[in-house]
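Sequence order for the protein chains is L and W. Take the first sequence: its position 102, counting from 1, is numbered 102 in my numbering, and each next residue is one higher. Take the second sequence: its position 226, counting from 1, is numbered 226 in my numbering, and each next residue is one higher.
These are computed hints drawn from the structure, not numbers from a lab. Careful, some of the hints might be misleading.
As the list claims (entries may be wrong) - Derived EDC-like pairs (lysine to aspartate or glutamate); straight-line CA-CA distance at most 20 angstroms:
(1) W:K212 to L:E33
(2) W:K212 to L:E62
(3) L:K122 to L:E94
(4) W:K212 to L:D231
(5) L:K23 to L:D231
(6) W:K212 to L:E28
(7) L:K23 to L:E71
(8) W:K128 to W:E246
(9) L:K122 to L:D89
(10) W:K212 to L:E107
(11) L:K23 to L:D77
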Amino acid sequence: MTDQPLLSVRHLSKNYGAVEALKDVSFELRRGEVVGLVGDNGAGKSTLVKCVAGVLTPSTGEIHLEGTQHEFSSPADALAAGVETVYQDLALVEMFDMTDNLFLGRELVRSGLLKPFGLLRKREMAMAARQAVAQLPARFPDLDAPIETMSGGQRQIVAISKAAFWGRRLLLLDEPTAALGVKESAGVLEMVAHTASRGDMAILVIAHNLEHIFSVCTRILVMRRGSLVADVRAQDTTPEAVVAYMTGAQ
Amino acid sequence: MAETGAAAVGAVARARALRSIVLTPTTARIAALIGVCLFFSFVSPFFLTSSNLLNVMQNTVVVGIVAAPLTLLLVARQVDLSVGSAVAFAATTLAVVAEAGYGLGAAVGAALAATMLVAVVNAIVITKFRVNSIIATLGTLVAFRGLAKLEGSGRNIRVDDFDLIGRARIDILGLQVPLAVLILLAVLASFWLLMSQTRYGRHMYGMGANPKAALLAGIRLERNVIIGFLLTGVVVGVASLIAVSEIGAVAPTTGQGLELLAITGIILGGASLSGGRGTIPGIIVAILILAVLDNGLTLMRVTSFWQEVVRGGILIAAVALDQARLARGKADVRFEL
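Between the sequences and the hints, there should be enough to build the whole structure, so can you do that?
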């Protein structure tokens with residue numbers, strides 16, 4: 001039972017007409033793992049993540065979560081199966097505060113006779129958000145401020161904490177440190193490590209910056225031109241070797 | 001632990017409530033409303049009489065009722081320009097059915113069905129044919145105005161004995177409050193609840209502010225837009241009954257320009273065409289400002305042409321001030337990055 005993988009991607013392909021964005025990709029993830037997904041632009045990383053997140057439907061191949069095959073027809077299906085995704089452009093509502101973002105689409109509402117009206121339980125949501133934030137490695141000066149008043153790094157941490165708050169199985173992070181400065185990147189990576197330390201989820205991180213990948217990941221998947229060309233443990237490889245896989249020199 | 005957490009949330013909520021009362025676009029507008037009222041009460045002895053103030057309220061009824069669902073739509077980045085024509089189409093239907101001798105009950109039913117028809121057409125064109133709401137409802141604005149004229153052959157039609165909803169007055173603490181004003185208050189209260197206290201309202205704000213984020217959060221955008229337009233149909237139906245009843249007649253021009261009047265109030269009330277912003281209290285204050293201005297300027301015998309100039313100028317000034325305020329708030333963030 002324990003050696004059953006959390007996520008098993010089997011022979012996944014995605015075609016856009018004659019263009020093969022993904023070619024026969026297979027890999028597995030286990031609980032507690034943080035795995036890096038690297039590759040040059042256009043290597044198929046985003047396509048792969050979007051297939052697992054339910055945004056795209058694969059042309060062929062299967063996605064299994066804990067032994068059960070899933071065919072996601074929308075992001076909502078993937079969310080329901082315990083797969084959370086943090087997209088590069090964050091998908092937060094900038095005008096909303098942290099609580100409203102945390103509960104967007106999953107608001108707590110009153111039960112009983114009032115249930116059909118969907119009356120919000122604002123106090124409970126605010127309390128739950130505060131408790132979640134209290135455990136984060138980052139500090140937020142004003143939790144009630146709209147997200148748009150926060151820095152890029154803080155927003156990224158809000159997005160990851162939202163995914164971690166709801167995620168039960170798999171967390172997909174698409175370029176969490178892109179467009180962030182050194183200090184902010186460190187904060188976000190700390191957040192990733194913090195989330196991984198819970199041990200109940202697998203985390204797949206897409207990143208361009210190999211230094212960031214090596215600092216948090218235990219295993220690295222390398223993609224080139226739609227195919228998975230390497231699946232190596234971080235401690236058994238070097239950034240130079242990974243670049244060689246990415247460019248096809250190896 | 002939970003106790004202190006609750007206390008902390010309470011304290012923060014109170015601080016937040018205080019800040020949100022002192023420093024918001026809505027309070028600025030309330031101050032403006034009080035200022036305008038003070039000014040007119042000095043200039044005209046008739047302004048601050050209960051009969052005049054009830055008159056102001058009565059004049060805001062149709063536009064205020066229509067503005068409520070339009071605010072809900074605008075918050076979700078949807079516009080309905082067809083409400084004026086929907087009022088005309090429903091009013092003419094009512095007049096024609098009553099004229100043909102089917103009785104007022106059937107006429108009212110037909111009028112309510114008429115606005116629902118407009119709403120259903122809007123909802124289908126926008127969600128199934130994926131036409132932008134401004135364009136879709138511009139189309140229905142023109143088309144249903146034409147249908148209204150066809151139906152009534154372009155005539156003015158009298159509607160007799162249909163007084164209750166638009167002209168009845170109810171004695172509340174010695175004040176003869178028009179029933180229509182009470183209906184207005186009920187509609188505004190319902191939409192305030194819907195927008196600020198329910199999951200549906202929260203989703204509409206989220207969809208308007210960031211449709212992609214809303215979609216990825218599993219919110220059903222199309223369904224919510226359809227519900228928004230259908231609610232608009234119901235409420236505009238009620239508004240059309242009041243519009244006919246107030247005047248006791250229907251003309252080819254009934255309801256003309258109603259959409260722009262309502263949207264002027266909504267934007268003046270702090271909503272944005274790009275969605276996500278706007279509240280019912282803000283819109284109530286804005287519509288009252290516009291109504292008081294009209295009323296006060298009329299009492300001062302200023303021609304209605306100048307009133308239009310003033311209305312347009314105030315709209316632009318208010319939005320420009322909000323923009324300046326928003327830009328200031330965001331500039332800090334850019335430097336922080």
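Hints, one by one, checked against the model:
Straight-line distance between C-alpha atoms of K212 of chain W and E33 of chain L comes to about 29 angstroms, which puts the hinted pair past the 20 angstroms bound. Only pairs whose Cα atoms come within 20 angstroms are accepted, and K212 of chain W paired with E62 of chain L is rejected, the gap being roughly 26 angstroms. Distance check on the hinted pair: K122 of chain L and E94 of chain L sit about 19 angstroms apart at the alpha-carbon level, within 20 angstroms; holds. In summary, the hint linking K212 of chain W to D231 of chain L is not supported, as the alpha carbons are separated by about 33 angstroms, beyond the 20 angstroms threshold.
Taking the CA atoms of K23 of chain L and D231 of chain L, the gap is about 15 angstroms. The hint holds against a cut of 20 angstroms. A threshold of 20 angstroms between alpha carbons decides the hint, and for K212 of chain W with E28 of chain L the separation of about 29 angstroms lies outside it, so the pair is violated. The hinted pair formed by K23 of chain L and E71 of chain L meets the criterion: a straight-line CA distance of about 18 angstroms does not exceed 20 angstroms. A distance of roughly 37 angstroms separates the Cα atoms of K128 of chain W and E246 of chain W; the hinted pair therefore is violated under the 20 angstroms criterion.
Pair hint K122 of chain L plus D89 of chain L does not hold up; C-alpha atoms about 27 angstroms apart against a cutoff of 20 angstroms. For a cut-off of 20 angstroms, the pair hint linking K212 of chain W to E107 of chain L stands: about 18 angstroms separates their Cα positions. Straight-line distance between C-alpha atoms of K23 of chain L and D77 of chain L comes to about 24 angstroms, which puts the hinted pair past the 20 angstroms bound.
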